[in-house]
Amino acid sequence: MTVIQKKADNQIAHLSAEDIEIIGKELDAIRDRVIADRGERDARYIRKVIKTQRTLEISSRAVLLFSLFPPAWIVGTAGLAVAKILDNMEIGHNVLHGQWDWMRDPKIHSTTWDWDHVSPPDQWKHSHNELHHRYTNVLGKDNDLGYGIMRVDEDQPWHPMHLGQPFYNLVNACFFEYGIAAYDLELGDNLKNGRHKDPAFRARAKAVGRKIRRQVLKDYVLHPLLSGPSFLSTLAATFTANLIRNLWSHSVIMCGHFPNGVETFEKTSIEGETRGEWYLRQMLGSANISGSRLLHIMTGNLSYQIEHHLFPDLPSNRYQEIAPQVRALFDRYGLKYTTGPLPKQVASAWWKVIRLSLPNRRSDRRQPVAPAPLVSSGTA
Amino acid sequence: MTTTAPRRSQKVTFRDRLLRLAGAVTTPLLPGDYLDLVAPLRAGAPLRGRILAVRPETRDAATVVIQPGRGWQGHLPGQYVRLGVDVDGVRQWRAYSVTSVPGAADGRITVTVKAIPDGKVSNHLVRRVRPGTIVQLDQAQGDFVVPEATPGRVLFLTAGSGITPVMGMLRAGLPDRADVVVVHSAPARDDVIFGAELRALAEAGALRLVERHTDTDGLLGVDELAGLVPDHLDRQTWACGPIGMLDAVEGYWESHGLADRLHTERFRPTVISPGEGGTVTFTGAGVTVEADGATPILDAGEQAGVLMPSGCRMGICFGCVVPLREGAVRDLRNGDVTTAVPGDGVLVQTCVSAAAGTCDIEL
Chain A
1 MTVIQKKADN QIAHLSAEDI EIIGKELDAI RDRVIADRGE RDARYIRKVI
51 KTQRTLEISS RAVLLFSLFP PAWIVGTAGL AVAKILDNME IGHNVLHGQW
101 DWMRDPKIHS TTWDWDHVSP PDQWKHSHNE LHHRYTNVLG KDNDLGYGIM
151 RVDEDQPWHP MHLGQPFYNL VNACFFEYGI AAYDLELGDN LKNGRHKDPA
201 FRARAKAVGR KIRRQVLKDY VLHPLLSGPS FLSTLAATFT ANLIRNLWSH
251 SVIMCGHFPN GVETFEKTSI EGETRGEWYL RQMLGSANIS GSRLLHIMTG
301 NLSYQIEHHL FPDLPSNRYQ EIAPQVRALF DRYGLKYTTG PLPKQVASAW
351 WKVIRLSLPN RRSDRRQPVA PAPLVSSGTA
Chain B
1 MTTTAPRRSQ KVTFRDRLLR LAGAVTTPLL PGDYLDLVAP LRAGAPLRGR
51 ILAVRPETRD AATVVIQPGR GWQGHLPGQY VRLGVDVDGV RQWRAYSVTS
101 VPGAADGRIT VTVKAIPDGK VSNHLVRRVR PGTIVQLDQA QGDFVVPEAT
151 PGRVLFLTAG SGITPVMGML RAGLPDRADV VVVHSAPARD DVIFGAELRA
201 LAEAGALRLV ERHTDTDGLL GVDELAGLVP DHLDRQTWAC GPIGMLDAVE
251 GYWESHGLAD RLHTERFRPT VISPGEGGTV TFTGAGVTVE ADGATPILDA
301 GEQAGVLMPS GCRMGICFGC VVPLREGAVR DLRNGDVTTA VPGDGVLVQT
351 CVSAAAGTCD IEL
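Chain order of the listed sequences is A and B.
For the first sequence, the positions run 1 to 380 when our numbering is used.
For the second sequence, the positions run 1 to 363 when our numbering is used.
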């Protein structure tokens, strides 16, 4: 991908300012219809997922008390990995987005929720909800584009450091929750600029430290201890479950904005951005994953990344219901709805990480003949 | 859930250590989050109750039988309990009088609910709720109770569902201790909640019952009281009913200089009628501002110097969510109005909500 405004085949060139505002109105209407209909069915859904997750987690951990027996190890580890994935993806991510705040249940609310993850909810909410979702795919504003360590867009400047990015990406995938915590802390930036003594930064680092300590104590000390003679095998099991969760969530999240077909935007293009233009940026800056109902639940419905980015606060179970309407809108306005099966999207994202570890020759990019239209100018 | 209970004393007991250890095993959840799966009514859990049965009383009223959780501390006759009921997936809190006798052997309590037109919760409880449903509870409250030193002569002035707290008192044996007159208004004979029970008590001579059927006889005027109950001003009087009736009754007793003999219960103490803009009070900061119907409360607060949490300022990040203690706000995106009364626990996104009338923000 390159910044959309610089492309010769700019896929929004045919849209008028009015078209963009009408797209915005149509999306608002989809949102309003869901909100008007939101109710008991949705509440039942999230409570069922939470109940399933808790039951699965506690029973998997119970099985792991006997993890010396290989079948118990396999069943317990698989169950725990799934429970951790559900906790982070379909429950944690979405509750922390405020998708369930409308239920007014203080136990399932973005202001009270905590998750099995080393990034404290308030820090994650800031970097994810406030920055990433607002500045989606804007180069220099949205740090999710390569997480500040990788180059995932031709228009990001190349640096010799990027030669190692396939390796960093693999390490990041294995320890993804730590990567996210460091990212939410803006660790690299804060250390580089000597802000490690800043009291606000220290307080946030302390909060991360507490989350890490509690997770390590639970997963690598207490549960193994409870397993008695199965200490070591339970330790290996919880480590493996965390690893699986990390690899899975990293894969799903890479598919959201890195695959081919996803557009990026220039910083200047969002100045004075209208609601319609904001929607359009979300439409073009995200990619979906196609698959079964189970896959969607396991990805926290981030397989409907486009719908999620358009409506980050709608209940996740609704994304697949509105997807056909959203897709029809793409078709009507000649926009590309990027989607594909998980292996294809993961491969596409990885290929980009590998490809862009090398500098791209500037001549690779065709310059448009006419001056580049800006999304926000509305004159495209 | 990360909420941890505040420690009451510095002394760390064995129980505290055990709880802390259990918390370390279940983190980030609390041990209670797992226990809730199997024992939502256990001791130590947030107070809840299970609805066991719903018994129709009249065509639009029903008695709801509730098994309260172990933490229930009991009630006094005449008190009410706040019920948190999920209606269409949204938790709504309402207060209902307890109509059962305190200290029942099975520990059950009943509340009696009249479905009011457009009443979200009352209609749900009377017509739709299924036995087995878990509801949230608060401890019983309210001072609409007959004092320990029971007055010799008592008058109850009630209308509609206003009979419910009174029924709680009558069932708890008040007629054995006092001379009781009940003047009750309802649209028609069949609409009298607990009609059969009241008439039976009257027939047995336990109390004097004056029924007023307003469909045929019109509303009861305060000036008619002298004729119906000649000694009404000598009696300690408890009144419960619609706001109009209570206003009239209070004015009447005051005009006789006998306000201390009158006790009233207002079921809907606050009526919130949404408008455009209004006075916004940030209760914690002690700041009050006038905001118009187009200004997000976030902007209004910041302009007034209140330290407001904020985020994306476009309604997507939920970084600005704060409790609306009381009042009404309008969602600037779609015009939806959210109202709250104290205790509702309603949280609103200040960046996309404007005042729709007077509102108190807990900040």
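Mixed in with the good hints there might be a few duds.
[As the list claims (entries may be wrong)] Estimated spans, in silico, between C-beta atoms of each pair:
# : chain 1 : residue 1 : chain 2 : residue 2 : range
1 : B       : 292       : A       : 330       : 35 to 43 Å
2 : A       : 213       : B       : 67        : 22 to 30 Å
3 : A       : 209       : B       : 16        : 19 to 27 Å
4 : A       : 209       : B       : 290       : 57 to 65 Å
5 : A       : 343       : B       : 290       : 44 to 52 Å
[To be verified] To give an idea of the chain A side of the interface with chain B (calculated C-beta under 7 Å), a few residues:
# : residue
6 : 54
7 : 105
8 : 214
9 : 216
[Claimed, not checked] The following residues of chain B were derived to be distant from chain A, with all beta-carbon distances above 12 Å:
#  : residue
10 : 23
11 : 244
12 : 249
Source of the hints: derived by calculation from the structure; they are not laboratory data.
Ideal placement from N, C-alpha and C gives every residue a C-beta, glycine not left out.
Against the structure, test the hints numbered earlier, and report the numbers of the ones violated in rising order. Per hint list: 2, 4, 5, 9, 10 violated.
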